[in-house]
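Peer 1: Just so you know, the sequences run in chain order A and B. Here the working numbering is used: position 261 in the first sequence is 261, and no number is missing along the way. Here the working numbering is used: position 70 in the second sequence is 70, and no number is missing along the way.
Derived from the structure by calculation, the hints contain no laboratory data. Treat the hints with care, since some could be wrong.
So the derived label-pair ranges between C-beta atoms look like this [unchecked claim]:
| hint | chain 1 | residue 1 | chain 2 | residue 2 | range |
| --- | --- | --- | --- | --- | --- |
| 1 | A | D259 | B | R242 | 51 to 61 Å |
| 2 | B | L69 | A | T18 | 43 to 53 Å |
| 3 | A | P115 | B | T73 | 28 to 38 Å |
| 4 | B | Q165 | A | G134 | 23 to 33 Å |
| 5 | B | I91 | A | V20 | 26 to 36 Å |
| 6 | B | F99 | A | A7 | 57 to 67 Å |
| 7 | B | Q147 | A | T225 | 33 to 43 Å |
| 8 | B | R242 | A | G74 | 50 to 60 Å |
| 9 | B | R4 | A | A113 | 44 to 54 Å |
| 10 | A | M75 | B | T73 | 34 to 44 Å |
| 11 | A | E136 | B | R242 | 21 to 31 Å |
| 12 | B | I91 | A | T133 | 24 to 34 Å |
| 13 | B | R161 | A | T18 | 30 to 40 Å |
Okay, the calculated bits of chain B under chain A, using three or more residues with CB under 8 Å as the criterion [said to hold, decoys possible]:
| hint | region |
| --- | --- |
| 14 | 145-152 |
| 15 | 160-174 |
The structure displayed is predicted, hence computed values, not measured ones. Glycine included, C-beta positions come from ideal geometry on N, C-alpha and C.
Now for the letters of each chain:
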Amino acid sequence: MPRGDLAPKISLAGVGKTFVTRDREVEALQPIDLAILDHEFVALVGPSGCGKSTILNLIAGLLQPSGGVVSYDGMAVSELNRQVGYMTQKDTLLPWRTAADNIRIALELKCRAVPRAEAAARVAQMIDLVGLTGFERHYPAELSGGMRKRVALARTLIYEPETLLMDEPFGALDAQLKLLMLDQLQELTRQRRMTVVFVTHDLGEAITLADRVVVFSARPGRIRTVRSVDLPRPRDVFRIRFTEDFSHLHEALWDELQDEVARGTDV
Amino acid sequence: MTRRFDPIVLWQIAVGVLLLAGWEAVGRLSGGAWTSRPTLIAAKLAVWLHGTLYIHVATTLTEVVTGLLAGATLGVLAGLLLGRAPIAAGILRPIVVAFYSVPLVALAPLFIMFFGLDMLPKIVLVTLVVFFLLFFNTFAGASSVDQDLIAQVELMGSTRREMFQKVVAPACMAWIIGGIKTALPYALVAATTGEMLAARRGLGFLLSDAASQFDMTSLYAALFILMLLGLAVSEMAAWGERHMLRWRHAAG
Chain A
1 MPRGDLAPKI SLAGVGKTFV TRDREVEALQ PIDLAILDHE FVALVGPSGC
51 GKSTILNLIA GLLQPSGGVV SYDGMAVSEL NRQVGYMTQK DTLLPWRTAA
101 DNIRIALELK CRAVPRAEAA ARVAQMIDLV GLTGFERHYP AELSGGMRKR
151 VALARTLIYE PETLLMDEPF GALDAQLKLL MLDQLQELTR QRRMTVVFVT
201 HDLGEAITLA DRVVVFSARP GRIRTVRSVD LPRPRDVFRI RFTEDFSHLH
251 EALWDELQDE VARGTDV
Chain B
1 MTRRFDPIVL WQIAVGVLLL AGWEAVGRLS GGAWTSRPTL IAAKLAVWLH
51 GTLYIHVATT LTEVVTGLLA GATLGVLAGL LLGRAPIAAG ILRPIVVAFY
101 SVPLVALAPL FIMFFGLDML PKIVLVTLVV FFLLFFNTFA GASSVDQDLI
151 AQVELMGSTR REMFQKVVAP ACMAWIIGGI KTALPYALVA ATTGEMLAAR
201 RGLGFLLSDA ASQFDMTSLY AALFILMLLG LAVSEMAAWG ERHMLRWRHA
251 AG
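The following block holds chain B by itself, in its conformation from the complex:
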């Protein structure tokens, strides 16, 4: 697919520039105690880029990616198995629902007590958040696989395992990828929240550290980095979805 240049992009850039200029003007006129100014923020970012920014970004990303991998793996496996085992699912249902009813970030203080100040409590928190989202999505997918597709492959002589590999898992792929797309922003929220509560590194730490010193410029700069990270993460998810679900878009 080739994308032609769209004039609307020019307008989008113009609006963006206008907003930044407005912010800059307000900042200069009011002294900028609360609003800071884009030029100051940019200067701050430049300083960070030559300094410690890397370690904070790396910390947050490591927590997100590790938690995502662990949570998604466990969630998908549990969803696939329970999705095809209605009796076990019925028994476990109230327990899962009860756990999920606790606002998960509220568990952050508990994990910090258990696992200390470094990355581990944040990874556990991200894992838990991702696990539930992936579990529910995969479960819904696995329990709604077309029974006729399963029967067809079973008649050909598939083992139970082959039926899982060749029918249930691929049929759930759209659900799993949808789950990962939903889970990505939540993973970022969980990691940052954990860092804001207690940490020595990470973007959440950067944020709460700036706030505690009333350093508005650093606060906005940290938010800006988080925004970029959020954008990158959701773009990656969209890209992954397009490539893994080619058959879905085949008709279009």
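Isolated chain A (complex conformation):
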């Protein structure tokens, strides 16, 4: 069972999304219902183009649904949702700022007004956390894809938003680094009691981190199955994949996912 039994932090009620292109309509997301509780870690998995990213955009208020209601803390999301930190799949680092300056940007805003010295200390701590020591003064163009992802992660985590939306944050990382990052993410989100919606195509990653895994069908996206992950926390991200419980879950979920991946257009 998911943690807590409160009213949902985020709820999608009958939410669908249709994109209108020049000459036709594309249904990205069929009407779905999904409730995410406070402090819950939910992973969304599914084949490419199944509308997972659309869901994050809807929760962030960057898109409005074609039907249904997205609500956050019981209020309909009708404009940008500033309660969430959003790490998009696309690289949105500011190219004219160094890694350290990119990470610091949220702390510079008036709504937080973090004193300079404290901001510097927190930036240094984040840089250490994501393993970018020595690259503070590099511009995004000078960093590899994986490094840029880590800068984006640090930039989102540093201001500790109460809800974290992440769209395949670790796709570009090598296997060892990915595990280190998963470990840090689990640690931080537990410490700060964040609510997390995590989009990934890596089932193992989803099971390792999440309280619940939501499997989506191929386009047009709809929820195929939802599974609770009852593995005890804190989880050992380096070894959990060798436990029996993990394999059972992985197998069960993979059966669901497999059909959809086969039906997905780009696999």
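Dock chain B against chain A, hints included.
Peer 2: This is chain B only, laid out in the frame that chain A set:
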């Protein structure tokens, strides 16, 4: 960066010397009524250097710099604001385009009537020329800022003003600097043209004064000074660009 000596520089100097020698020869053989001669021009420049050259250069430079500052400030502000306000931009567009369609130096006589013979009409002319170039460049930059960058910073809780300061303005920096680079030679043209029409000082005045007296040596000398000024101005622009847009060259 250390620059090693390049042998091509020797050849460039050689070609330059050869051209000057040719000019000198033609001048001496033909009597030099129309061509003058580099040695005469050099002598003239030496005389000017000890005399009134300073005041003319200072006048032209003051007009260029003042007009540049005023025009760039106004152009950038207008470009940033209208670039992020598509409806207002749509309304004002025909007016701006109509104004810009007038060859701007053709307004010089009007400004001289309005503002007299001193620096003011030239400053107004330079301001106008620079304003339009900077406005169009900044506008293009501001209206093409990556929407995802803006959304990202807005989600972090930025005010509209902070979003301008931290995303729109820096994103437009390359466009603004490009605009200033383009505007510099135009600013010099505008100031000199204004001076040629009616002035008591300035390099344009020096030029038209020499021409009216058929003083070819002074004419060439004044052109030479303008050339140096033009070179200095574009070198400064290139230097500024390298330093302000370091992140752009970072990958290279």
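Peer 1: Could you run down the list of hints and mark each one as holding or not?
Peer 2: Right, here's what the structure says about each hint:
Here the CB-CB span from D259 of chain A to R242 of chain B is close to 57 Å, well matched to the stated 51 to 61 Å. At about 52 Å, the beta-carbon gap between L69 of chain B and T18 of chain A stays in the expected band of 43 to 53 Å. The hinted range of 28 to 38 Å is satisfied by P115 of chain A and T73 of chain B, whose Cβ atoms lie roughly 32 Å apart. In this structure, Q165 of chain B and G134 of chain A meet the distance hint of 23 to 33 Å, their C-beta atoms being roughly 29 Å apart.
Distance hint check for I91 of chain B and V20 of chain A: the Cβ-Cβ separation is about 27 Å, which falls inside the suggested range of 26 to 36 Å. The given range of 57 to 67 Å is respected by F99 of chain B and A7 of chain A, whose C-beta atoms sit roughly 59 Å from each other. Take Q147 of chain B and T225 of chain A: their Cβ atoms lie about 35 Å apart, and the range 33 to 43 Å holds. Range check, R242 of chain B to G74 of chain A: about 54 Å between beta-carbon atoms, so the 50 to 60 Å window is met.
Restraint check, R4 of chain B to A113 of chain A: a C-beta distance of roughly 50 Å satisfies the suggested window 44 to 54 Å. At about 43 Å, the beta-carbon gap between M75 of chain A and T73 of chain B stays in the expected band of 34 to 44 Å. For the pair E136 of chain A and R242 of chain B, the beta carbons lie near 23 Å from each other, so the given range of 21 to 31 Å is met. The hinted window of 24 to 34 Å between I91 of chain B and T133 of chain A is violated, with their beta carbons roughly 52 Å apart.
Between R161 of chain B and T18 of chain A the Cβ separation comes to about 36 Å, which falls inside the hinted range of 30 to 40 Å. For the region 145-152 of chain B, the stated coverage by chain A is satisfied: 5 residues place a CB nearer than 8 Å to a CB of that chain, which reaches the threshold of 3. Counting residues of the region 160-174 of chain B whose CB lies closer than 8 Å to any CB of chain A gives 6, which reaches the minimum of 3, so the coverage claim holds.
In this structure, the one hint that does not hold is number 12.
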